[in-house]
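Following the hints, put chain R in place on chain H, whose structure we already have.
Protein sequences, first through last, are from chains H and R. Numbered per the working numbering, the first sequence spans residues 24 to 997. Numbered per the working numbering, the second sequence spans residues 19 to 80.
Read the hints as simulated data drawn from the structure, not as lab findings. In this text the structure is predicted, and so the values were computed from the model without any measurement. Misleading hints may appear alongside valid ones.
Distance windows between CB atoms, simulated [said to hold, decoys possible]:
hint, chain 1, residue 1, chain 2, residue 2, range
1, H, Leu-506, R, Val-30, 18 to 28 angstroms
2, H, Asn-574, R, Val-30, 37 to 47 angstroms
3, R, Arg-52, H, Gln-29, 40 to 50 angstroms
4, R, Ala-74, H, Gly-174, 49 to 59 angstroms
5, H, Tyr-229, R, Arg-52, 21 to 31 angstroms
6, H, Arg-56, R, Ala-74, 17 to 27 angstroms
7, R, Leu-59, H, Leu-506, 33 to 43 angstroms
8, H, His-262, R, Leu-59, 16 to 26 angstroms
9, H, Ala-248, R, Ile-29, 27 to 37 angstroms
10, H, Pro-235, R, Leu-59, 16 to 26 angstroms
11, H, Asn-574, R, Ala-74, 26 to 36 angstroms
12, H, Ser-523, R, Ala-74, 31 to 41 angstroms
13, H, Asp-323, R, Arg-52, 28 to 38 angstroms
14, H, Leu-766, R, Ala-74, 48 to 58 angstroms
Residues from chain R shown here face chain H by an in silico Cβ test under 8 angstroms; the list is partial [stated by the list, open to error]:
hint, residue
15, Leu-25
16, Phe-28
17, Ile-40
18, Ser-44
19, Arg-48
20, Trp-57
21, Leu-58
22, Ser-68
All C-beta atoms, glycine included, are put in the ideal place defined by N, C-alpha and C.
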Amino acid sequence: MFSFTQVFLVAVGYLLFLFLVAWITDRGKLPARLVRHPAVYVFSLGVYASAWAIYGSVGYAYHYGYNFLAYFLGISGVFMLAPILLAPILRLTSTHQLSSLADLFAFRYRSRVAGAMTTLMMLAGMLPLLALQIKAVAESIQILTGESDPGGLAFWFCLLITLFAILFGARHATAREKHEGLVVAIAMESLIKVVAFGLLAVLALYNVFDGPAGLNTWLTDNPDALARLYYPLQDGTWHSMILAFFVSAVVMPHMFHMAFSENLNPRALMTASWGLPLLLLVMALCIPVILWAAAAARVDGLPDYYALAVGSLSGGHGAMLAYIAGLAGASGMLIVATLALSSMTLNHLVLPARTRPLDERLYRWLLWARRLLIAGILTLAYVFYAIAGDHHTLTELAVLSFVATLQFVPGLIGALFWPGGNRVGLFAGLLTGFSLWVLALLVPMVVPHWQPSLLFDLLGISHQSTAHQWHHVAIASVVANGLIFALFSLLSPTSQAERSAADTCTVDSLRRPFRWELETETADDFIIALSEPLGPVTAEREVQLALRDLNQTRSESRPYALRRLRDQLETNLSGLLGPSVAQRIVDEHLPYKPQAEHESSEDIQFIESRLELYRDRMSGLAAELDSLRRFHRQTLLELPMGVISLGADGEIIGWNLAMEHLTGINAQRTIGARLNTLPRPWSTVFSEFAQGEALRQPQVEASWRGAIRWLSLHKSEVAGTLPGERAGGQVIVVEDITDLRALEAQLTHSERLASIGRLAAGVAHEIGNPVTAIACLAQNMEHPASEDEIIQAASQIMEQTRRISRIVESLVTFSHSGGVVAAVQGPVSLRDTVDEAISLLQMDPDHRQQRFINDCAADHLVRGDSQRLLQVFVNLLSNAADATDDNDPITVRSTAQDERLEVTVEDNGHGIAAELMNSLFEPFVTSKPAGRGTGLGLALVYSIIEDHFGSIRAESPVANGRGTRFVITLPGYW
Amino acid sequence: MYADRLLIIFIVGAYLLSPAIIEWWSDGGRAWYRPYMMWLLLIALCYWISRGRDDARRRGRS
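Next up, chain R with everything else stripped away, as it sits in the complex:
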């Protein structure tokens, strides 16, 4: 159902965006930390989603 859809969107999205991301990453020059910044951004996004789920669960319980 929706989980499959999300997975497919993610995989297709990652596949389509990956050349652009790799190019941007390779053009980093001295900004060698670019992939780490992107990685950190994804972590922040996951943290935000996880917090949202926790809040929703707490609201559901109360």
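So that you can see chain H by itself, here it is in the shape it has in the complex:
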């Protein structure tokens, strides 16, 4: 027997040791590798094994045999399936900073009432389990010391736990900060618990049985001991029990808190899939040994405290080991559960009810509110213990809590696997399940004479003891809960916001609702908007924090980036104030522009990021489809031509590597932006083209970084392919033709020189005639008949000389024009230019007989460069002459249209093949036989007309399947 002071000092010393461990960790004295080691996470999850695992499970094994294993195997099963069941919850809670089940329900079902209801029910459901811990510690001290007042012991124990929870569990206002000290301290508690319990079993094995062989002999001699373990397996309760422990293990607030909210390393969850079952296996292995040792030694007292009694058989140290194991189990569970419940209460009951606006004192206020709530919840647990603790066994109290937490399971399954579940279904299911729990378990336990006969008959419970038939209540309540949840969800409408949250939460769902545009346009607007609910200091701090999380700058104005910023702010505020308040603040102060659902588009970036996240989880057809998607994406990304993909709302959703190279703008900076927000000149070039009607622009000039770049643009409309996606998106293909353009200029010059060569023969002939005439006149002048004849001959010689000069001048100017973009000059007479082009062409012997008709009005003048326009007509008339018989006329006609002049060059030749019509003005496109045409003539014509702010189009055939008409529009000179 120990004195009260000794036992109390052990408790204080033990808790001080935990204080020290947590303090050292928080000070960073322990290496981060150790703190974040998966083993620490696994041991911290050992918080599940509370005082009930140490004391109550031995009592349970005494009454219900091997059924006690359900408590350990249930949670082991959940963790063995961690990659499927727990990883999605961890991903959700860490992505959206959800620190409790109430947060998750409020987020998923988009309802403050869901959060508040979950919190209230969880508080009510967990009080018996909290009271159990207090009772276990108080009664164990009572057994060890013989004190008569366990209530007083319980009070001091609660006070110590309150201090610890406040000091190390409520140091940060927001859930984004992890409590590393707390995690390490809880892990240490589990280690102590397992070692102490294990040592107790070993002591019992060797002191009572003289080792395993002795135990075997005793079991052979006492077959009843084994039979009592096996017998309860046959009564059919095993299935319902393992199901109850399987599903409720994760829902319990202390497990949810340690597994998800305090997870320091997501990969540690995989280690926990075998680590936690192993830890629990060791503990479960001790229980039959302790039970049999108690039976062999014929110890007295309650089976719940056999661990203490068996420990006492080995002397004081054995009893102290059992006491420390129980103390560790109780304190760890109390601390973590209280912290989790205080967060839930603050986020879902206190903050939503607060009417005063939040201001810069918010963080301090939150901390103190949380601390007060911790004290309040532990006070409630103490009160429950004082009222009901004395009259019930540890098992009865534990059962009460397990069945209560079981009621959240249909809602959780709906959140993860069924997007069709909605808040109406959740409310109806929870109310049904909890009503059954209250009527069939809680009230009969607190008020012993309360026995609702109708309900008991319905559930198949005998009227003697409901606590011993709890599995009937558990199964009946959870089945009714689930059915009502499904039924009401199917019969009631689901809001758009809830559908959106359901898609986000549902495992493997890739749907994301729509790209809506925010009313705020910059990050600074966010600060201004949030200053009203949060105060300017907090608003500034939270926006900066969100920008840092997203690696964005304050100047960000892309709609996509602003939507991400809004989501991140909601996430961060959710960690600070809970999802209900965060949703309200964000919805009210950062609203979307009013927009019909069909006017928005799917967020493809989001879908892609989700697919990347799920990559290693895909198999079979899904994996094949993903590989195919990656192949197409990579093809598009590495296409040597620039590709811009635009959503129906004008947002850029694709920007490949060639575009990055061409414009020098990274895809990360353009995705989600609009074309008109790009740096100049790209904003002008691309947005004008995207908004224009033309599907192609063969040559567009852009001045970038002091150099001229030439682009060829093509676009086509993309029909909406995703569900809900509206048509109206565009894909723009951008080809950089700067090098081609330079080559084209060189070749144009070469072609000009070549055409000079072709003209040379004609020129020689042209010049030959006047030279012959001059020679004849000069001969005549040697023997003049009269002075008049000399004057006439001289005049004719001068005329012939002028003719020669004109021919030479035309040739020189033709060979020098082009290649260099000349500034537009003016005025130029169309009629004279066409005449000059005709006379140049007629120097060519091939075209000498050709009929050219110049119907241009003498007063039709255009603003431009006469030599370059001459080139246009030479090329067009030359092409026409090549395609036409000599007798067929080639007509050039001009008409005035408002302030512009339209010039048509029309022939009656063989026309242009239909397949060439679309690419007629592109370089190297020709219908002439090889060696006859370079394919540059019409490209040059297009370029010159564009330089003159005009346009050109071709029509072929014109009539009777023959003929070609080029229509040129040029600004008139009036």
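Here is chain R on its own, set in the frame of chain H:
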């Protein structure tokens, strides 16, 4: 997708096998540690799967 399929297979499998397992367990006699052996086997399986995932992740990174 495949996660759901695996879960359904597991639940149906566990449901179908559970009577046989319980019977085998109840017939244990003095081999009272049978459920623990089975439990240990499952832990070893989970450890093996977890190691496989880690290896695959490391290979993916390198």
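Hint by hint, work out which the structure violates, then give me just those numbers in ascending order. Going through the list in order, the structure violates no hint and respects every one.
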